[in-house]
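Peer 1: All chains, please: the whole structure from these sequences, using the hints.
Residue numbers (my numbering), protein chains in the order written: chain A, 1 to 460; chain B, 1 to 223.
Derived from the structure by calculation, the hints contain no laboratory data.
Heads up, some of the hints might be wrong.
[Stated by the list, open to error] Within a straight-line C-alpha distance of at most 20 Å, the following computed PhoX-like cross-link-like pairs (lysine-lysine) qualify:
| no. | chain 1 | residue 1 | chain 2 | residue 2 |
| --- | --- | --- | --- | --- |
| 1 | B | K179 | B | K211 |
| 2 | B | K39 | B | K193 |
| 3 | B | K39 | B | K208 |
| 4 | A | K335 | B | K76 |
| 5 | B | K39 | A | K335 |
| 6 | A | K335 | A | K9 |
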Amino acid sequence: MNVLTRGVKNAIRSPLKSGAIVLMFAISIALILSMLVARGSVLSKIEEVKATAGTAVTIQPAGVMGNMGGGDPLTAAQIATITSTTNVTSISSTLTDQLGTDDTNLTSSLELGSFGQRQQRFESSDTTGTTETTDTEATTRPAPTPRTTVTGTTDVNSIATDGGDLTIRSGEAFDGSSSDNVALVGSDLATKNSLSVGSTFTAYGETITVKGIYTTGNAFQDSGIIMPIATLQALTDQAGAVSSVTATINSSDNVASTVTALKTSLGEDADITSEAESAASSVKSLQGIASLTTAGVIAAAAAGALIIVLSMFLVVRERRREIGVIKAIGGSNGKVIGQFIIEGLTITIIGAVIGLVLGVLVSGPMTTSLVSSSANSTSTTETTAVGPGGQGGRGMGGPGAAFNQGAAQLNTNLTQVTASLTPQIFAAAVGITLLIALLGSAIPAWLTARIRPAEVLRTE
Amino acid sequence: MLTIEHVSKTFNTPGGQVQALKDVSLSVNTGEFVSIIGKSGSGKSTLLSILGALDNPSTGSIVVDDTQINKLSGAKQTQYRAKQIGFVFQQYNLVPNLTALENVMLALEFGGYPAISRFDRATQLLESVGIEEDQRQRRPTRLSGGQQQRVSIARALANQPAYILADEPTGNLDSATGKKIFDLLHDLSRSQKTTIIVVTHDLEIAGKTDKTFILKDGKITTK
Chain A
1 MNVLTRGVKN
11 AIRSPLKSGA
21 IVLMFAISIA
31 LILSMLVARG
41 SVLSKIEEVK
51 ATAGTAVTIQ
61 PAGVMGNMGG
71 GDPLTAAQIA
81 TITSTTNVTS
91 ISSTLTDQLG
101 TDDTNLTSSL
111 ELGSFGQRQQ
121 RFESSDTTGT
131 TETTDTEATT
141 RPAPTPRTTV
151 TGTTDVNSIA
161 TDGGDLTIRS
171 GEAFDGSSSD
181 NVALVGSDLA
191 TKNSLSVGST
201 FTAYGETITV
211 KGIYTTGNAF
221 QDSGIIMPIA
231 TLQALTDQAG
241 AVSSVTATIN
251 SSDNVASTVT
261 ALKTSLGEDA
271 DITSEAESAA
281 SSVKSLQGIA
291 SLTTAGVIAA
301 AAAGALIIVL
311 SMFLVVRERR
321 REIGVIKAIG
331 GSNGKVIGQF
341 IIEGLTITII
351 GAVIGLVLGV
361 LVSGPMTTSL
371 VSSSANSTST
381 TETTAVGPGG
391 QGGRGMGGPG
401 AAFNQGAAQL
411 NTNLTQVTAS
421 LTPQIFAAAV
431 GITLLIALLG
441 SAIPAWLTAR
451 IRPAEVLRTE
Chain B
1 MLTIEHVSKT
11 FNTPGGQVQA
21 LKDVSLSVNT
31 GEFVSIIGKS
41 GSGKSTLLSI
51 LGALDNPSTG
61 SIVVDDTQIN
71 KLSGAKQTQY
81 RAKQIGFVFQ
91 QYNLVPNLTA
101 LENVMLALEF
111 GGYPAISRFD
121 RATQLLESVG
131 IEEDQRQRRP
141 TRLSGGQQQR
151 VSIARALANQ
161 PAYILADEPT
171 GNLDSATGKK
181 IFDLLHDLSR
191 SQKTTIIVVT
201 HDLEIAGKTD
211 KTFILKDGKI
221 TTK
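Peer 2: Put into structure tokens, the structure is as follows:
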């Protein structure tokens with residue numbers, strides 16, 4: 001029998017007492033592990049969200065959203081400012097317009113419906129041009145008709161709703177920098193007007209040749225037309241005008257600073273949004289959880305340490321006489337301390353093993369519970385359901401669609417945090433446990449080792 | 001040879017300073033069986049603690065075989081206790097979680113006895129004090145008072161100490177068992193020439209020792 005076996009034997013000399021200590025300690029270890037796992041999962045998810053946020057920045061004229069709102073399009077000078085901004089590697093520009101029945105020979109493939117009619121109610125009264133409205137005049141208003149959205153762009157893929165390349169069903173994409181009278185026609189519009197590659201139609205008094213038929217799976221987009229931006233600018237007599245610019249930044253680290261620079265240079269004339277900014281607000285709740293779990297680790301570790309320190313303190317105090325006897329018959333301080341450290345370590349290791357198993361079992365559900373409740377609170381207000389043919393009022397199109405899809409994907413990612421127990425997290429939990437065990441056993445033993453045996457024996 | 005010169009011991013208590021020993025001087029020759037008698041609170045146990053290096057005197061010196069033990073470091077005093085001294089307490093003070101055999105082996109471990117021989121040595125010691133084979137694997141709570149004291153004496157003898165210090169060794173025993181324990185100590189003194197110092201208030205026991213010191217109010221007189 002030596003210090004090691006005496007320590008182990010002492011740890012189990014009172015099964016009920018040791019069992020209670022082990023159980024309390026196991027619970028705190030399980031909490032430590034769960035919190036570490038939750039923290040690790042949340043931090044990795046934050047990194048993932050940031051990484052997938054992309055480096056696209058959308059610049060739109062102030063007050064304009066699609067074809068809604070007011071204000072002026074972006075000018076050529078503003079486009080030049082955006083292009084020359086540091087860290088901007090490329091831009092794609094978009095200009096949107098709507099073709100009424102007077103502008104084209106095409107029939108819209110969209111049904112106006114009650115929603116569309118409501119959107120056009122103001123314009124019907126405007127066209128009368130009267131200052132005094134009578135019941136008779138109101139009944140003579142022309143019936144509202146659905147319109148066809150035309151998007152001029154330097155990059156046809158900016159229309160894609162899935163954030164990837166536009167699906168060309170037949171024909172081919174045009175050169176975004178050309179000014180030819182060519183167009184890509186949405187599949188629904190092409191069917192409605194029996195258009196195919198090579199067909200022509202009239203818009204703004206000019207003949208336009210169909211270069212390809214595209215499909216997006218979005219009823220609104222598939223009822224539209226895409227043209228080179230220079231062509232649309234020329235047809236609508238808006239030379240250099242742009243309604244939306246998507247700028248690509250060279251690194252996700254530079255997105256925030258570039259947005260700031262653009263806001264400074266463009267002032268109040270433009271609204272600037274980025275996926276990274278959107279992601280930052282999305283991950284705020286996750287960062288809150290990360291802080292909470294860090295505090296949880298510290299609190300659980302402190303509780304575990306306190307349990308072991310107090311328990312060992314009581315054990316040592318209870319065995320003062322025994323310690324006095326051991327010292328009286330020649331046991332050194334080292335042997336007394338060593339014996340109690342082994343005893344504390346034994347209790348701690350048994351508690352830690354139970355706690356780690358418990359922690360592995362509960363950390364998954366705990367992490368999922370923490371993150372899903374948080375994601376619910378952020379995503380409820382952000383989830384959008386759009387009826388077929390309706391998007392952003394009457395005509396939001398272009399890069400905005402891709403942006404919405406990206407944001408939706410980010411929110412989906414938030415709910416996909418899974419509890420992952422990495423070796424590093426496990427090692428951290430074991431390290432904290434051993435530190436607690438050593439401190440918890442050594443401090444009380446050290447205090448008792450300083451007592452002279454005569455003091456202990458005198459009080460017998 | 002053990003010599004105490006002008007030893008005093010003062011304790012600080014909540015009620016003020018208490019002088020347990022006042023200028024005590026005595027000497028004990030090697031192999032002597034000595035008793036120290038006195039009433040409760042006369043300072044007997046304090047004197048024994050100082051002799052066994054469990055405590056240091058406030059003033060004075062304790063010289064054991066030319067070594068002033070009260071000037072030794074804590075570690076040296078521990079070594080002194082492990083190899084030179086064997087303690088026998090009134091309450092036996094066996095380690096409750098260890099068997100009789102393990103209690104004796106514990107003292108052998110502290111005395112630096114080779115691990116491989118401890119079991120045999122402990123068995124032999126327990127046999128010599130009359131602890132039977134089936135009792136050796138019992139924990140103290142499953143032994144009678146007399147048996148516990150025998151184990152305690154076997155533990156005290158483990159490292160063949162030069163001195164055995166016994167504090168009321170028969171105080172918790174009935175007279176018949178107490179007599180047997182006393183005879184055991186007496187025999188040891190004679191057969192192994194071990195110096196034995198017994199603190200007792202039993203005058204009958206004191207009468208059978210080679211020398212008796214009377215302690216009264218912290219002062220000593222030779223009988």
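Peer 1: Hints first: check each against the structure and report whether it holds.
Peer 2: Results of checking the hints against the structure:
no., hint, result
1, B:K179 with B:K211, "18 Å, holds"
2, B:K39 with B:K193, "29 Å, violated"
3, B:K39 with B:K208, "19 Å, holds"
4, A:K335 with B:K76, "15 Å, holds"
5, B:K39 with A:K335, "36 Å, violated"
6, A:K335 with A:K9, "15 Å, holds"
The structure is inconsistent with the numbered hints 2, 5, although it conforms to all the rest.
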